[in-house]
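Residue numbers (the working numbering), protein chains in the order written: chain Z, 1 to 114; chain V, 1 to 310; chain B, 1 to 120.
If you're looking for bench data, these hints aren't it; they were derived computationally from the structure.
Don't be surprised by glycine CBs; every beta carbon is placed ideally from N, CA and C.
Wrong hints could be hidden among the right ones.
[Stated by the list, open to error] No more than 30 Å apart at the CA atoms, straight line, and that leaves these computed lysine-lysine pairs for DSS-like:
#1 V/Lys191 - V/Lys135
#2 Z/Lys114 - Z/Lys24
#3 Z/Lys114 - B/Lys4
#4 Z/Lys74 - V/Lys277
#5 Z/Lys74 - B/Lys74
#6 B/Lys90 - V/Lys174
#7 Z/Lys95 - B/Lys74
#8 V/Lys174 - B/Lys84
#9 V/Lys116 - B/Lys90
[Said to hold, decoys possible] Among the chain B residues that face chain V by a calculated CB cut under 8 Å, a handful are:
#10 Ser37
#11 Leu53
#12 Val64
#13 Lys84
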Amino acid sequence: MELKEIVNNLNLDVKTCAGNLDIKITSGYSSDLLSDVMGNASTGDIWITLQSHQNIVAVAVMKSLSAIILINGKEPEEATIKKAEEEKVTILSSKLPAFELIGKLYEMGISGSK
Amino acid sequence: MQDIDLKRQLLLLEMRIDDVMRKEVITVSPQNRMSELLTIFKKHNISGAPVIDGEKLVGIISIEDLIRWLYEGSKNYYVGERMTKNPTCFYTSQPLVYIIKIFEESGFGRFPVLNKSNKLAGIVTKGIIIKGLLKRLAIENSEDEIPQYRASHFFEDINADYKEINLRYNVIGKDIENAGSASTQIKRNLKRLGIRSSIIQRLAIASYEAEMNAVLHADGGTMEYTITPDQIICIARDTGPGIEDIEKAMQPGFSTASDWIRELGFGAGMGLTNIEKCSDKMEIDSTPGKGTTLTIIIRTEDNNGIKRNS
Amino acid sequence: MKIKDIQRILEAEVLYYQDEQQMEMEIRSIAASDLMSNILALVRVPDLLLTGLNNSQVINTASVFGIKAVALIKNDKCPHVDTKVLELAKEEEILLLLTHKCMYESCGLLYSNGLPCILG
Numbered sequence: 001m002e003l004k005e006i007v008n009n010l011n012l013d014v015k016t017c018a019g020n021l022d023i024k025i026t027s028g029y030s031s032d033l034l035s036d037v038m039g040n041a042s043t044g045d046i047w048i049t050l051q052s053h054q055n056i057v058a059v060a061v062m063k064s065l066s067a068i069i070l071i072n073g074k075e076p077e078e079a080t081i082k083k084a085e086e087e088k089v090t091i092l093s094s095k096l097p098a099f100e101l102i103g104k105l106y107e108m109g110i111s112g113s114k
Numbered sequence: 001m002q003d004i005d006l007k008r009q010l011l012l013l014e015m016r017i018d019d020v021m022r023k024e025v026i027t028v029s030p031q032n033r034m035s036e037l038l039t040i041f042k043k044h045n046i047s048g049a050p051v052i053d054g055e056k057l058v059g060i061i062s063i064e065d066l067i068r069w070l071y072e073g074s075k076n077y078y079v080g081e082r083m084t085k086n087p088t089c090f091y092t093s094q095p096l097v098y099i100i101k102i103f104e105e106s107g108f109g110r111f112p113v114l115n116k117s118n119k120l121a122g123i124v125t126k127g128i129i130i131k132g133l134l135k136r137l138a139i140e141n142s143e144d145e146i147p148q149y150r151a152s153h154f155f156e157d158i159n160a161d162y163k164e165i166n167l168r169y170n171v172i173g174k175d176i177e178n179a180g181s182a183s184t185q186i187k188r189n190l191k192r193l194g195i196r197s198s199i200i201q202r203l204a205i206a207s208y209e210a211e212m213n214a215v216l217h218a219d220g221g222t223m224e225y226t227i228t229p230d231q232i233i234c235i236a237r238d239t240g241p242g243i244e245d246i247e248k249a250m251q252p253g254f255s256t257a258s259d260w261i262r263e264l265g266f267g268a269g270m271g272l273t274n275i276e277k278c279s280d281k282m283e284i285d286s287t288p289g290k291g292t293t294l295t296i297i298i299r300t301e302d303n304n305g306i307k308r309n310s
Numbered sequence: 001m002k003i004k005d006i007q008r009i010l011e012a013e014v015l016y017y018q019d020e021q022q023m024e025m026e027i028r029s030i031a032a033s034d035l036m037s038n039i040l041a042l043v044r045v046p047d048l049l050l051t052g053l054n055n056s057q058v059i060n061t062a063s064v065f066g067i068k069a070v071a072l073i074k075n076d077k078c079p080h081v082d083t084k085v086l087e088l089a090k091e092e093e094i095l096l097l098l099t100h101k102c103m104y105e106s107c108g109l110l111y112s113n114g115l116p117c118i119l120g
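So that you can see chain Z by itself, here it is in the shape it has in the complex (with noise of 0.2 Å):
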């Protein structure tokens, strides 16, 4: 599925990269624990978190994820928006908690993490 579908049927708040709506989106993975990311998400994942300090950039960047969606209407930080434009990292933001959220992407079809 799109990652535009996404946006679109979750109402999501696009806050970086919004010409980057293209990819593919098959597979997802949450957690606010930084370390849990790097050693569990897998590639394209799509990262569900409630953290929004700018080292989830990094985490971003380092396993290839596809998109980071935060949760609770969470703002991204600024440095966090600065450092997601340059490394290409799309963020979004929904109003949802993690709990309502992963329940309707895994309804849509988004599956856990392989």
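Could you slot chains V and B onto chain Z? The hints should help.
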């Protein structure tokens, strides 16, 4: 001596009335004659007794009532006519700290203790309470300190304490395993005091966030709690790095947390916001390089949990 | 949904439960988060906390907030549960589950099994 003081205060919270009460109770009937009372008191070496009608507690009669009766001419009265009717009672599950207050306020020397089905389960006097507390202290402290602590002062000190219970815990910096224990203990103690659970929850959350700050951002410190009949004050002191810009630190989401802290599930920048939300009043006093003192005040309602028989 | 249904769906191990009656506990809301302050900032107390965090602070958070059941997510970093966590759960009488499914999968499964969500 301070350790003993603290221990005694904790005991007051922890121990229940049925931990100390005397279970073998000499009772009299309302149909007993006042003239029989002296013999009963003398025989059992007691200075008062609950009055039981069938299985129901109907009053309490003491040596003072007896003296008054003698003074008034020893007329042919029954106990039922001279007793104190519907006396204040305690329940077996109440914490000791309640009794202390009522002893002081009422001036009575003894109180009957009822079980859940309102039947007499025991009796307490000041002497019985002191004996019970000393016994427990002796079990928990084998040191020689106990005998030095004069029993006669025990009750006076407790009386001063009940108005204000002070508890203090040390918090060790960076000790993630034991962090939070002060807050979970205070939660338990407040529960024993019968404070409303919504108040306990607010205090516990605020206290826990403050404690975690002292553990994670500083090298530990102390958590002090003062419980009075109308409010709970929690003071978290640390000797950590201090807060550079308090206004900024108060903004939701603002955080100076290291990756280490984030990996432990903290540092989302919600700590102070949470504390403020839970408190009726919050004050931060911080000097960069020296440390931070956070004062949290939560108002409670006076709730002494005493039920009177009617 | 009952906690025992959640245990079945997540194929979870029961690490601590007080008694059979506690396994009948009704779960109407779940908070899924690894950040404890996020939990403590919630307006309502969830029936179940689902978290990938695996230290004593999980139980302390549940205890001070009044959450009666916790499901831990097992990951490579914490292949086994700290004994301190177990001790605390017992002390605080908090039902403790351990699932091998990741957070994403756990949320997805519970949501599609009809747990309506609500929190965190």
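Hint-by-hint comparison with the structure:
1. V/Lys191 - V/Lys135: holds, 24 Å
2. Z/Lys114 - Z/Lys24: Judged against 30 Å, a Cα distance of about 15 Å means the pair holds.
3. Z/Lys114 - B/Lys4: holds, 27 Å
4. Z/Lys74 - V/Lys277: holds, 19 Å
5. Z/Lys74 - B/Lys74: Judged against 30 Å, a Cα distance of about 26 Å means the pair holds.
6. B/Lys90 - V/Lys174: holds, 24 Å
7. Z/Lys95 - B/Lys74: Holds - the C-alpha atoms of B/Lys74 and Z/Lys95 are around 27 Å apart, at most 30 Å.
8. V/Lys174 - B/Lys84: holds, 16 Å
9. V/Lys116 - B/Lys90: holds, 27 Å
10. Ser37: holds, 4 Å
11. Leu53: With a minimum Cβ separation of about 4 Å from chain V (threshold 8 Å), the hint on B/Leu53 holds.
12. Val64: holds, 4 Å
13. Lys84: Where the cut-off is 8 Å and the nearest Cβ of chain V is about 5 Å from B/Lys84, the hint holds.
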